[in-house]
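*Asks:* Listed here are the chains, written in short residue letters.
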Amino acid sequence: MSIQSLKEKVKISLLVNGREVEGETEPRKLLSDFIREDIGLTGTHVGCEHGVCGSCTVLFNGKAVRSCLMFAVQANGSTIQTVEGLAKDGEQHLLQKLFTECHGLQCGFCTPGILMSSVELLNSGKKPTRREIEEMLSGHLCRCTGYKGVIEAIESACRTNECKGGEN
Amino acid sequence: MTYIGKPLKRIEDARLVSGEGTFIDDLSPLPNIHYAAILRSPHAHARIIQIHTEEAEKLSGVIGVVTGKQVAALTRPFPVGVKVPVKYYPIAVEKVRFVGEAVAVVVAKNRYIAEDALSLIKVEYEALTPVVNIEDALSAESSVLHEEVGSNVVNHRIFRYGNIDEAFKNADHVINKKFTFPKVSATPVENYGVIANYTKSEGSYTIWSNFHGPFTLHSVMTAALKVPSNRLRIITPKDIGGSYGIKSGVFPYMVLMGVVSRIVNVPVKWTEDRQEHLMASSSGTDRVTWIEAAVKKDGTILGLKMKYADNVGGYIRAPEPACLYRTHSNSTGAYRIQNVEIEAIAVVTNKSPTGLIRGYGGPQHYFPLERMIQIISNELDLDILEVIKKNLLTKEEFPYQTASGGIYDSGDYHKALNLALESIDYEEFKAKQKEGWKNGKYLGLGFACIVEPSGSNMGYVTLALTPEERAKSLPKSGCSEGATVTIDPQGGITVRISTVPTGQGHETVAAQIVADALGVDPAMIRVVAELDTLTSPWSVASGSYSSRFAPIGSSAVYQAAHKVKRKLLEIAKNHLNTAMDKLVIGDGKVSVKNDPEKSISIKRLVGLAHWNPEGLPNGLEPGIHESAFFTLPAAKSPNELDLVNGSVTYGFVFDAVQVEVDIDTGEVKILNYTTIHDAGSLLNPNIVEGQIMGGLAHGLGAAMYEELAYDERGQFLTGSFMDYLCPTATEIPKVTIKHIETPSPLTPLGAKGLGEGNTMSAPVVIANAVTDALKPFNVSIDQLPLTPDRVWSKIHHQNAVKI
Amino acid sequence: MNGEGAIQLNGKPKTIFTSLLDPEVLKNCIMGCNELNKQEDNVYVADILIGVAAVKGKYDVTIRLSDLQPPNSYKLIVNGEGAPGFVDAEAKIQLIQIDDENTELRYTYEAAVGGKVAAIGQRMLGGVAKLIIKDFFKKIKRELEKVNIAD
Chain A
3 MSIQSLKEKV
13 KISLLVNGRE
23 VEGETEPRKL
33 LSDFIREDIG
43 LTGTHVGCEH
53 GVCGSCTVLF
63 NGKAVRSCLM
73 FAVQANGSTI
83 QTVEGLAKDG
93 EQHLLQKLFT
103 ECHGLQCGFC
113 TPGILMSSVE
123 LLNSGKKPTR
133 REIEEMLSGH
143 LCRCTGYKGV
153 IEAIESACRT
163 NECKGGEN
Chain B
2 MTYIGKPLKR
12 IEDARLVSGE
22 GTFIDDLSPL
32 PNIHYAAILR
42 SPHAHARIIQ
52 IHTEEAEKLS
62 GVIGVVTGKQ
72 VAALTRPFPV
82 GVKVPVKYYP
92 IAVEKVRFVG
102 EAVAVVVAKN
112 RYIAEDALSL
122 IKVEYEALTP
132 VVNIEDALSA
142 ESSVLHEEVG
152 SNVVNHRIFR
162 YGNIDEAFKN
172 ADHVINKKFT
182 FPKVSATPVE
192 NYGVIANYTK
202 SEGSYTIWSN
212 FHGPFTLHSV
222 MTAALKVPSN
232 RLRIITPKDI
242 GGSYGIKSGV
252 FPYMVLMGVV
262 SRIVNVPVKW
272 TEDRQEHLMA
282 SSSGTDRVTW
292 IEAAVKKDGT
302 ILGLKMKYAD
312 NVGGYIRAPE
322 PACLYRTHSN
332 STGAYRIQNV
342 EIEAIAVVTN
352 KSPTGLIRGY
362 GGPQHYFPLE
372 RMIQIISNEL
382 DLDILEVIKK
392 NLLTKEEFPY
402 QTASGGIYDS
412 GDYHKALNLA
422 LESIDYEEFK
432 AKQKEGWKNG
442 KYLGLGFACI
452 VEPSGSNMGY
462 VTLALTPEER
472 AKSLPKSGCS
482 EGATVTIDPQ
492 GGITVRISTV
502 PTGQGHETVA
512 AQIVADALGV
522 DPAMIRVVAE
532 LDTLTSPWSV
542 ASGSYSSRFA
552 PIGSSAVYQA
562 AHKVKRKLLE
572 IAKNHLNTAM
582 DKLVIGDGKV
592 SVKNDPEKSI
602 SIKRLVGLAH
612 WNPEGLPNGL
622 EPGIHESAFF
632 TLPAAKSPNE
642 LDLVNGSVTY
652 GFVFDAVQVE
662 VDIDTGEVKI
672 LNYTTIHDAG
682 SLLNPNIVEG
692 QIMGGLAHGL
702 GAAMYEELAY
712 DERGQFLTGS
722 FMDYLCPTAT
732 EIPKVTIKHI
742 ETPSPLTPLG
752 AKGLGEGNTM
762 SAPVVIANAV
772 TDALKPFNVS
782 IDQLPLTPDR
792 VWSKIHHQNA
802 VKI
Chain C
61 MNGEGAIQLN
71 GKPKTIFTSL
81 LDPEVLKNCI
91 MGCNELNKQE
101 DNVYVADILI
111 GVAAVKGKYD
121 VTIRLSDLQP
131 PNSYKLIVNG
141 EGAPGFVDAE
151 AKIQLIQIDD
161 ENTELRYTYE
171 AAVGGKVAAI
181 GQRMLGGVAK
191 LIIKDFFKKI
201 KRELEKVNIA
211 D
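Chains as they are written, first to last, in the working numbering: chain A, 3 to 170; chain B, 2 to 804; chain C, 61 to 211.
No lab work stands behind these hints: they were computed from the structure.
Worth double-checking, as some hints may not be accurate.
Some chain C residues flagged as far from chain B (calculated, every beta-carbon gap over 10 Å) [said to hold, decoys possible]:
#1 Val103
#2 Val173
#3 Glu205
If you want a taste of the chain A side facing chain B, the calculated C-beta under 8 Å gives, among others [unchecked claim]:
#4 Glu28
#5 Thr44
#6 Val54
#7 Asn78
#8 Thr102
20 Å max Cα-Cα, derived SDA-like pairs, lysine to any residue [what the hints assert, rightly or not]:
#9 Lys123/B with Asp148/C
#10 Lys123/B with Met91/C
#11 Lys116/C with Lys98/C
#12 Lys11/A with Ile52/B
#13 Lys123/B with Asn139/C
#14 Lys118/C with Ile52/B
#15 Lys116/C with Glu116/B
The beta-carbon is built from N, C-alpha and C at its ideal position, and this holds for glycine as well.
Next comes chain A alone, as it looks inside the complex:
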């Protein structure tokens, strides 16, 4: 198979942060690159391209996935949420507020990915223990914070969520 034939573009359409997006892409183009380059949402970051650091995590039909391990064409017809889609009507998401309060970020590069995984956790309505939060986080690499503030922010969010009856 020659390099040329891999380059035929495919039309895809998907819902991203509530908006219809249409694009044309090579089948081999990664979803992370498509989000950043074709849609222009640069909040999703690329740290390793082999599924370990988690910075590229987005919600794919509500599930946290590593967008660097997916092809854009696999997202055809799906609903994607990225970090840019968290705030509603100018109001920060609870997690965004808590990450700031608990000093859960420093350089901010790994943060969007961690936020998206945390949103999935919060949306699940589970009541995770600290250990469970740490295990969820073990799919994310942060080299700045030592994770302390991150864990506190997520714990706090889950507690607030409980009080609110799981709505977020």
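Following the hints, put chains B and C in place on chain A, whose structure we already have.
*Replies:* Frame of chain A, contents of chains B and C only:
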């Protein structure tokens, strides 16, 4: 209301949690940007016979392919602070000297096509014998990397302070040991990024990169590019995804892409991927140390001899061999030892080149030193705390001049030690440990005392040269940093800093400082963190490294802010008809002390300066625009006796760590980690906690998980995060952080740098704890990381598995 | 890395030895082999596509035969170069007749791998080598059946 010292929430967070940060890969500052991919050597040591690029050039979408010969024709080798004639270009020219060294660059319409083209390039190599091991490199028999040098030793100095011979003669015991420290990186989650453009009509380069200094490297880059300094414009993005020193090493790629852009005639963007980053970006040095201590039987350390050899990789590049000298001034750590001999050696081997990293020489230095304290106490059959206390500096001894010229500005080390002991029940632990040993449970407790230098003195790097060699060129000294504080015609306060933050929250702390100086709400202040070498207030020492923002960067902001305050008071004094010393600033206005009705708003004062400059007092310039450059006299160049104060401020970290070792699996579990911190006055306690935890996580990584591993043929083995293991949330132990503050008498805010202390302490304190736990087996930890396999092998007396 | 093994093959050493040196047979038996041609006496060049972990690529391979002692033993020296890196391997093959119909093939090999594939696929290399060898002998058996039927 004051803001300094308060845990103010960070200004940076709003954009970062919304995905609105601007990192290098997010930028598209020019039209027609094309993308580069780099072909890298699969050989550790080889001659390049020929490079066939024709097939790659033919691929649709490829603009051009550039090789070393073309780059060498347009550049000079990078200057470096040693006398040996090593030629380092940003791409291999005739030889490759490490796996991953750049061999060709493809420029194409997009990154995918560029990478496709890489597989179409054929390179003929003649493989040469590699050298990988430091001790091999020291031998004259080893295969030589740089023929012009003739050996693999690229720096070698011997220093003698005090009366070493007498100290060793008077000793009751002389104890000597050998230690090694692994090659590790700090692997920021964001990799290197460069956008480079050559403007032919101006003969100038404009390069955007997530580079953070030190800006001495600007002169290194202009020398390589053969352009006057104001024809290399470097611009850093507002947001950089972590660095911990590693992104200082992006400079060769900046030059490479600049030249590539010039050759192919389009702006070029290069985004490094993780495999490249692990293989060929930068790292700390691996080191071998031979250490000898002359001790009296009561535990007093009379003298130290240390010989250490650092592996700088395939090329020695600026600022190396500073890795050897960064801790020179604090080589005796927290102890009263005035007789010291240091032999410092830098070798090249076929590994990736090194550079700045969190701790920079500190982890490598304290590993042997603090291990020795425990070894000494074991050999003398004394309690380790007794040995520490006997030698530990007391607060009356400050400011303390070390044998090698370091000047510890302030500290109360015994207070920190006692605070640590309060947090752990030492006697109870010892009893539990004894019980445990009887029952097959191996608990251990380790201590480490770390003097944490911060705010580098540019002069220390010249220790690589002999005093005679230094005398031939201009002395280097100082730790200069600049900052500008301006107020625009409508009262908008802006601060420009040149410390190039990479996550440390400089914008927030700068805003706190200016808010206090001008009596305004920090939310009103906008801080510009992007550095532009054509417009920012910068000097050679600018950038972020050696934890210099707290002692130096903040001081430059402080002084610029106070210049603005003085100007505002000068204008106000006229209007309020009062003496300067009767004026106070606060709540957005200048008023007379004890007579708040007599006031004038800052907005009005600023308006006067801009809109009605004729109304200003004599001698005052229009507008409000003040810059300040700050340095400390404590940062003098080394003298003819090789005495130098390598850093201006010195903090202190005392760690006490409890571990349990499973002797069947070799697994080490950290039960708890107590760390006592002294970084002088704390500017923002939140940021401080974050920096301490981050530094600790890096130290933990080096202690337990991380190693850039090579086989005996120089093949790189840990090329992805599946093999180079970084601590995740599940690896971080329970950490207790306590603070004491002995402000620095040298800085306006009393602050010292921090964030590297635990990177320096964690490896050795964990090694000490594990050695303590394994006392029944008579095991001495002298190598890292403490992988289960290594620990198990030590216990069961087999040779550690060689990679 | 290194390894060794033995396998029982149907046929006499002479037949097997001839098959093992036949470029057509080798092309059919080496996993991922696209092209294999005899360049000169005892030298073959091949174009092989191999994947180790996520690192898949084409290698230009030169196979040299030496120390030929037909039909009992020979040495194989393999040099492969490609975008993912390079492979330098040496293998010794011994054929021992068991009985009229069967021969035991014994092999030992030593291989050095370099470049990207070594950096990323380190943990897979041993396993991939075993897989390629196992697959090779499975296919050789089939090839030998064809030859035996023809005989």
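*Asks:* Evaluate each hint against the coordinates.
*Replies:* Quick rundown of the hints versus the structure:
1. Residue placement check: valine 103/C keeps its beta carbon more than 10 Å from all beta carbons of chain B (closest about 18 Å).
2. With a cut of 10 Å on Cβ distances, valine 173/C falls inside the contact zone with chain B, its closest approach being about 7 Å.
3. With a closest Cβ-Cβ approach of about 37 Å to chain B, glutamate 205/C is found to remain outside the 10 Å limit, as its non-interface label requires.
4. Look at glutamate 28/A: its Cβ gets to within about 7 Å of chain B, closer than 8 Å, so that hint holds up.
5. The criterion of a C-beta within 8 Å of any C-beta in chain B is met by threonine 44/A, whose closest approach is roughly 4 Å, and the hint holds.
6. For valine 54/A, the shortest C-beta to C-beta distance to chain B is roughly 4 Å, which falls under 8 Å, so the interface hint holds.
7. Hint on asparagine 78/A is violated. Least Cβ distance to chain B is approximately 19 Å, over the 8 Å limit.
8. The beta carbon of threonine 102/A comes within 4 Å of a beta carbon in chain B, closer than 8 Å, and the hint placing it at the interface holds.
9. Under the criterion of a C-alpha separation no larger than 20 Å, the hint pairing lysine 123/B with aspartate 148/C is consistent with the structure, at around 17 Å.
10. Pair hint lysine 123/B plus methionine 91/C does not hold up; C-alpha atoms about 23 Å apart against a cutoff of 20 Å.
11. A hinted pair counts as satisfied when its Cα atoms are at most 20 Å apart, and lysine 116/C with lysine 98/C does not qualify at roughly 25 Å.
12. For the hint pairing lysine 11/A with isoleucine 52/B, the CA-to-CA distance comes to about 33 Å; that exceeds 20 Å, so the pair is violated.
13. The hinted pair formed by lysine 123/B and asparagine 139/C meets the criterion: a straight-line CA distance of about 15 Å does not exceed 20 Å.
14. Annotation: proposed proximity of lysine 118/C to isoleucine 52/B holds, straight-line Cα distance about 18 Å (limit 20 Å).
15. Our distance criterion of 20 Å between C-alpha atoms is met by lysine 116/C and glutamate 116/B, whose separation comes to about 14 Å.
Of the hints listed earlier, those the structure fails to meet are numbers 2, 7, 10, 11, 12, in rising order.
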